[in-house]
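Asker: These are the residues of each chain, in order.
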Amino acid sequence: MKTAVIVFPGSNCDRDIAVALEAVTGVKPRMVWHGDADLPADVGLVAVPGGFSYGDYLRSGAIAARSPIMRAVVEQAGKGLPVLGICNGFQVLTEAGLLPGALMRNEGLNFVCRDVALTVETASSRFTSGYSAGERVSFPVAHHDGNYFADTETLDRLEGEGRVAFRYAESVNGSARNIAGLLNDKGNVLGMMPHPERRIEAAHGGTDGRRLFEGLMEAVSA
Amino acid sequence: MKLKVFVTLKPGVLDPLGRAIHHALGSLGFDGVQDVRQGKLIELEVADDTDDATIDGMCRKLLANTVIENYRVEKA
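Sequences listed follow chains A and B, in order. Residue numbers are given in numbering that gives the first Met the number 0: position 213 of the first sequence equals residue 212, and the series is strictly consecutive. Residue numbers are given in numbering that gives the first Met the number 0: position 58 of the second sequence equals residue 57, and the series is strictly consecutive.
To be clear, the hints were calculated from the coordinates, so they are not data collected in a lab. One should not assume that every hint holds.
[Unchecked claim] Computed cross-link-like contacts, DSSO-like style, restricted to lysine-lysine with a CA-CA straight-line distance of at most 30 Å:
no.	chain 1	residue 1	chain 2	residue 2
1	A	Lys1	A	Lys27
2	A	Lys1	A	Lys185
3	B	Lys3	B	Lys39
4	B	Lys39	A	Lys185
5	B	Lys3	A	Lys78
6	B	Lys74	B	Lys3
7	A	Lys27	A	Lys185
8	B	Lys60	B	Lys1
9	A	Lys185	B	Lys9
[Stated by the list, open to error] Simulated coverage check for chain B against chain A, where a stretch passes if three residues somewhere in it have a Cβ under 8 Å from a Cβ of chain A:
no.	stretch
10	53-59
11	62-70
Built from N, CA and C at the ideal position, the CB exists for glycine as well.
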């Protein structure tokens with residue numbers, strides 16, 4: 000499957016996600032610059048990488064979410080194209096309106112950079128089909144603004160619709176309901192703060208992240 | 000025309016930065032502070048005939064994230 004990675008000024012996990020996608024798909028992803036107006040026509044997944052797009056000016060992800068390429072991403076996501084946003088990518092997707100809520104400054108004000116335990120909340124999404132529901136996995140996090148916020152009504156709806164994909168199994172950043180990863184209503188957009196692309200091979204300290212990409216490839220090509 | 004756009008967190012939204020400022024004031028001996036909420040002031044210079052709908056659009060589409068923030072515009 001062909002994939003695309005969006006590159007903003009200040010992205011810094013774009014190479015990591017590209018390596019992960021190539022390792023799993025066998026095809027080098029297309030790197031798409033933020034100023035481009037269109038996505039390559041034949042891609043089956045768009046990844047919005049981590050980093051500090053536009054220096055996180057105004058709010059994390061705010062300027063990136065209004066860049067030309069994001070108009071195309073929003074349009075294609077509306078047509079069902081799978082979109083995966085990791086870390087800053089999650090912030091960009093919420094700012095772009097593809098996912099509800101907002102990611103605020105961590106409750107403890109610290110930049111959190113360590114491995115965290117997560118619970119896979121649903122295995123029925125195309126992004127999490129490589130896991131079992133309730134399974135415990137470990138991914139690194141590295142963020143300052145990962146404190147997920149949404150009003151109570153929205154949170155109840157997200158929970159009711161099974162849209163929480165990953166939950167922190169420990170206290171990390173003050174996120175509402177410990178939400179670490181979230182799906183859109185159609186299940187074709189996933190935003191998550193932890194970094195699965197940094198757990199692809201044994202040398203990374205584990206391969207928990209690889210299964211996200213493998214499961215996704217299987218689900219998308221099925 | 001000069002515009003001042005005040006962007007503040009909605010009531011009920013946790014403000015860790017405000018809390019840190021509160022704490023720092025306390026450590027300086029300012030004990031009477033009951034709460035601190037911080038926000039942003041964005042100053043714009045726009046054409047005099049810019050209408051309110053345009054100004055409101057700028058606030059809603061970019062300057063504030065209305066999921067978590069309120070905004071107030073002052074014209075000078």
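Asker: Holds or violated: Lys74(B) with Lys3(B), Cα cutoff 30 Å?
Answerer: Roughly 6 Å separates the two Cα atoms, so the pair holds.
Asker: Would you check the hint for Lys27(A) and Lys185(A), treating anything up to 30 Å between C-alpha atoms as holding?
Answerer: holds (27 Å)
Asker: Is the coverage entry for the stretch 62-70 of chain B by chain A consistent with the three-residue Cβ rule at 8 Å?
Answerer: With 4 residues closer than 8 Å to chain A, the stretch 62-70 of chain B meets the three-residue bar; holds.
Asker: Holds or violated: Lys3(B) with Lys39(B), Cα cutoff 30 Å?
Answerer: holds (10 Å)
Asker: If you count the residues of the stretch 53-59 of chain B with a beta-carbon closer than 8 Å to a beta-carbon of chain A, do you get 3 or more?
Answerer: violated (count 0)
Asker: Starting from Lys39(B), check that the Cα of Lys185(A) is at most 30 Å away, please.
Answerer: With Cα atoms ~35 Å apart, Lys39(B) and Lys185(A) exceed 30 Å; violated.
Asker: Against the 30 Å threshold, does the CA-CA distance of Lys1(A) and Lys27(A) hold or violate the hint?
Answerer: It holds: about 8 Å lies between the C-alpha atoms, which stays within 30 Å.
Asker: CA of Lys3(B) to CA of Lys78(A), is that 30 Å or under?
Answerer: violated (39 Å)
Asker: Would you mind confirming whether the straight-line C-alpha gap from Lys60(B) to Lys1(B) stays at or under 30 Å?
Answerer: holds (19 Å)
Asker: Between Lys185(A) and Lys9(B), is the straight-line Cα distance small enough, at 30 Å or below?
Answerer: The hint holds at about 29 Å.
Asker: Has the given pair, Lys1(A) with Lys185(A), been kept, meaning a C-alpha gap of at most 30 Å?
Answerer: holds (21 Å)
Of the numbered hints listed earlier, those contradicted by the structure are 4, 5 and 10.
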